Amino acid sequence: MREATDPFTFELFKNAMFSIADEMALTICRTTYSSVLRDNMDFSTAFADANGKLVAQGLTLPGHLGSIPTALDTVVERFGERMVPGDVFIMNDPFDGGMHLPDIFIFKPLFAEGRRLAFAATICHHTDVGGRVAGSNASDSTEIYAEGLRIAPMYMYKAGEKNDTLFSFIEKNVRVPVRVFGDLRAQLAACHIAEKQFGELVTKYGAGTVERYMQEIIDYAERLTRAAIAELPDGKVSFEDWIDDDGIDVGKPIRLFVTMEKRGDSMLVDWTGTNPQVKGAINNTLSFTKAASYCAIRSILPAGIPNNEGVFRVIKVTAPPGTVANGVLPAACAARGLTGFRMVDCAFGALAMLVPNRVFAASDGGNTGISIGGYDKKRKPFIYVDFACGTWGGRPWADGLSGNSNMFANMASQPIEVVEAEQPMRILSYELVADREGAGKFRGGFPYRREYQFLEEEGTMQVRSDRKVFRPYGLYGGLPGQPSLNLFNPGKNDEQVLTSKFTMNIKQGDVLRHELAGGGGWGDPLQRDPARVMADVRNGFVSQERARNIYGVVLDTGNWSVDEAATRRQRADIAAQRPKTPDICWEEPKGSVRAAE
Amino acid sequence: MASYRVGVDIGGTFTDIVFMDADGRILVKKISSSVDNYARAISEGLLEMFRDTGLTGKSVEEVRHGTTVASNAILELKGAKTGLITTAGFRDVLEIRTLRMPRLYDIAWEKPTPLVDRYLRQVVDERMDVNGQVLRSLDKASAERAVDALLKEGVDAIAVCLINSFANPAHELALKEIVRKKAPDLPCCISFEVLPEIKEYERTSTTVINTYIMPIVATYVASLKQDLNKIGVSAQLLLMQSNGGLTTAESAERLPCHIIESGPAAGVVGAQALAEKVGIKDVVSFDMGGTTAKASLIEDGQVTRSAEYQVGSGIMIGSRLMTGNGYSLKVPAIDLAEVGAGGGSIVWIDAGGAMQVGPHSAGAKPGPLCYDQGGTEPTITDANVVLGYINPDYLCGGEVKLKSDIATRVFKKTVADPLKVELAQAAYGAHQIAASNMIRAIKAVSSERGRDPRSYALFAFGGNGPLFAAGMAAALGMKRVVLPPSPGLFSAFGLLYSDVEHHYSRTFRRLTREADLTELNGTWDRMAQEALAQLASEGFSDQRARVVRSAQMHYQGQIYELTVPVPAGPLDRKALAALDEAFGREHELTYGHRAGPEEPVEIVNIQVVGQGIPDRPRVPESIAVGRRGTTVTPKPRKAFFGAKHGWVDAPILIDRAELKGPRQGPLIIEEYDATAIVPPGATASLDRYGNVLIELG
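Chains as they are written, first to last, in the numbering used here: chain A, 11 to 607; chain B, 34 to 730.
Because the hints were derived from the structure by calculation, they are not lab data.
Check each hint, because a few of them may be wrong.
Simulated restraints on C-beta separations [claimed, not checked]:
no. : chain 1 : residue 1 : chain 2 : residue 2 : range
1   : A       : Gly519    : B       : Glu563    : 39 to 45 Å
2   : B       : Leu622    : A       : Phe177    : 22 to 28 Å
3   : A       : Phe177    : B       : Arg487    : 53 to 59 Å
4   : A       : Phe179    : B       : Arg618    : 41 to 47 Å
5   : A       : Pro312    : B       : Gly165    : 29 to 35 Å
6   : A       : Ala162    : B       : Ser469    : 23 to 29 Å
7   : A       : Lys388    : B       : Asp549    : 37 to 43 Å
8   : B       : Arg169    : A       : Lys388    : 27 to 33 Å
Covered, in the sense of this in silico footprint (three residues per stretch, anywhere, with C-beta under 8 Å from a C-beta of chain A), are these stretches of chain B [stated by the list, open to error]:
no. : stretch
9   : 127-139
10  : 468-478
Since the structure is predicted, the reported quantities are computational estimates derived from the model, not experimental observations.
In this text, a Cβ means the ideal position worked out from N, Cα and C, and glycines have one as well.
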């Protein structure tokens, strides 16, 4: 501990800082107008020190860890000397520290005793920021100029005075200004709450003490992170995985490649070898690549490490400019979420070789984004944005979860009844799909299906999904999960299997059935406890045929018992024939397996 | 003969009984819970009480009861084998939940096991739209098939929750009728009758919980009534609800989802009532029993309620943003943070050689080592015995004998020796770790919500609260601790301080500017009538029945609602405009901003609370607790207060009335139902309401 910090005051101060960041997050969550914020929690709130170093993050979305300092850097660089109380800054440009255009950052410098002490920071994914497709997150734009309004770092308020020019630009360039303004108001309110409560802390402790303890919180996180990293074995590991395609060059896979080097108490994550940036809008900014890397590594570290600069000092992340891991102008990046999720999978794959007993097999590949927009009869715009994810890979000690948020985004699903009350949509089904899991000693989770019916006269539907070709990998003998599916108008004359990324016009009554990919399995399915297989069959998750053919378990479903003799024989038979089985990887993981055609 | 109201609170370890007459004369009794049949301890305890005092069943005018029978059934997954019928396409709403998990980056996270396995979840062909229009009629054949399948599996109860049924219950009612025809005695709950509110997961989960515990609660209430009758008690039985109000046994059997957190709620209501009497408005209530410790915030004299909570979620780890830890229950409840720490918490050493306390508990049976009921693992109570905090020979004024030598021997062998430390040091370490675990619960309701615990008083009760309160308050920088009379039975007192209350809520989703006044007033009136009828059936009519209305509202497009009080009487356009304005003000107060008048405001749920007004004030002007147990003051005994103070001779008081003026610690106040520790450096005094006040230096 630094001089003149005592452990009890430190504990109280730390709790106070994080509690303010959480309070800010609650304010946004409870007052927002957009489902992306309220349900997907696609926002974050934070405190940074006077130089923009992250002290406390009210973390609601792991995808945002690391994004705030990057964005704040450009603001400090440009306005640092001139800032005065009452200033509020805004920005969203990915090539000026942002992530993708819908993510609007708002920063408020906080002053006391005549100097800048800290920043209150918020970042929210807005429903729409203009551009060619409603929702501003199309995966098939090929340059950022099509994606919407770019806001360079600028004043939102200057010494308390509103920048009317900015507001009128926003109003003219977005489809739903009422919602966007409502959410900007929520962001501002969160900053005000932070300012008020931070002011109380300063009154209580004095500016000097507050500055000292903010640095101590960063040091504390660094110490905890170093201690935790030091516990891991030293080593250098690499992993390769593939994204199906970018939606423009359909069928052309995109390579992700990561090398992790752990030495002593630090960690280097290097994305060299990853595909050059692509035409489709799935190029990451470096900040998002960092967040993906932190997400995987933090998941194998003990809980309780504060999210701040201290973590970044220990885990260094690099990616060459001009790759999908670090796009440069004019890379389109609106749908870069997809790449982030897939990078988390890839980073986990590398960790699986460093610490095999602490990492799960691949999850569903992250969230599928579905945007449906258009105008009703009165030319009033509507935008429906939904994100779907929810399947974990099998773990070295337990099955993968079914119907649980991806590690990278602790999102909630939108209640069906609320969607139907608010949107010209009907949800025809929302349930788990049998036989889609990656088999294993500990199987992957079952994916869910969500079926969307469109009720307005006409509109545009845009879907960003993946893992249709490259299936979620299994680990250590576990099988890959089954691929995702986009099926248009199931059971009708024009039924059609769609690609993983597309934009299309739809009309009243059209239906999209989306099924997530199944989670990868962990360990040999023939070693799975037959009682667990039986429970899955009884619950309708696994068919009897699959139990017999893949798990080698023979059941008597009359009185729900395992035929142990037949199971032994069946398992021996499968083991004997195994090398002929096409889609099983029996070696150490190398990445995803291409779906059998 | 005097007539008494009786409060009975059942915890995991003890059953507490309190008698109170109109003048505030109090009689108390504490006995071990009968875990195999919780009701038995009540009649046995009452009988003992009658024997001790010469009272009879006729002296009892009302029995008010808080029970953990419902929450235990959920936590231990021992509820009814429940079947669930849902709309085709939505079989897994219960299992998928909201997708959200309570912690980020936790690869070991496990979702709570669904209360209904998938093979007991059947679907029927039907569909309503969100406005209650039938899109597909209920297919009779699929309905029969679903019910038959569940009956064939031998379910004990059936829950029904169909998509959009909050807007039109016709199909749910039809299913209920089919179940009734096929299995007339089988409990069947439809979601419309449990929670007619929008959001399918919350409604399904609440309905399933209600169904899951219904048979257990019914059996329990029946057996309790029978037992009471046997001992001549024919008074009305009222049960405490999670929201802090009482309800009749009949109503609780129908909607047991309201009584799940009944014991903890009673304690908080009691703390609020008594603190108000003493003139303290900002209080952290802290209740520590044998298995868990719970904290709640009372701010400006009001208990805090949440509209929704998760059963079995334990302490909220991290922050309020994170949910998903337990079973979602959307009924109003007193807002509590809970941690698995109590007198029965087991002290153990983990694989890394570190001392751990809990979350496992020795419970009532076998209980701590010193109870000598077959316990083999050291507990926090044993640590307190070793430290000299608890009388080494007995509890409850001599009614429960202790064997401190077993505690000492086993504690030394399994804890102190492996850690290579002195016995006292090990016991003190266990005491401190338990305290730090419980401090998390207090932080969860105070500092983690931006409230500085130092400006609150710690109101501590429960059998173990007074043992830990002063030490915890000191660690948190809190200046004042309040220990109410009979702290060990305080939740039972809380029951006596509560009023009958019924909460009703319905989704009525309309923009205020477009709402049809006739429809709105009509719906509200029907709910008020329902509340008044319920109150009348419980003997509250005319002036003694009060209906309070509120609306949950938001700006159109928002998902969280704020609750706004609604004045009595029919609403006209002007009243609705006033409601808009009240909502805007509340929004600004809570979040610091509001939208302009052009933004439409939407009512989401309309609510009614029916309150039964008691015929006399619930907290008497003076409280006189009948003394029980030993009258022999033990000699001062050595108690250990850490390395700084070491073993110190601590004077013992067996009655707080002996505190004639302020006294410095160390001091041990060893009363019938709880032992209070006043550590060195602290000062204890007695106020005129019988509270021990501990001021910390």
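Determine which of the earlier numbered hints do not hold for this structure and return their numbers in increasing order. Violated hints (numbers, rising): 3, 4, 5, 6, 7 and 10; every other hint is consistent with the structure.
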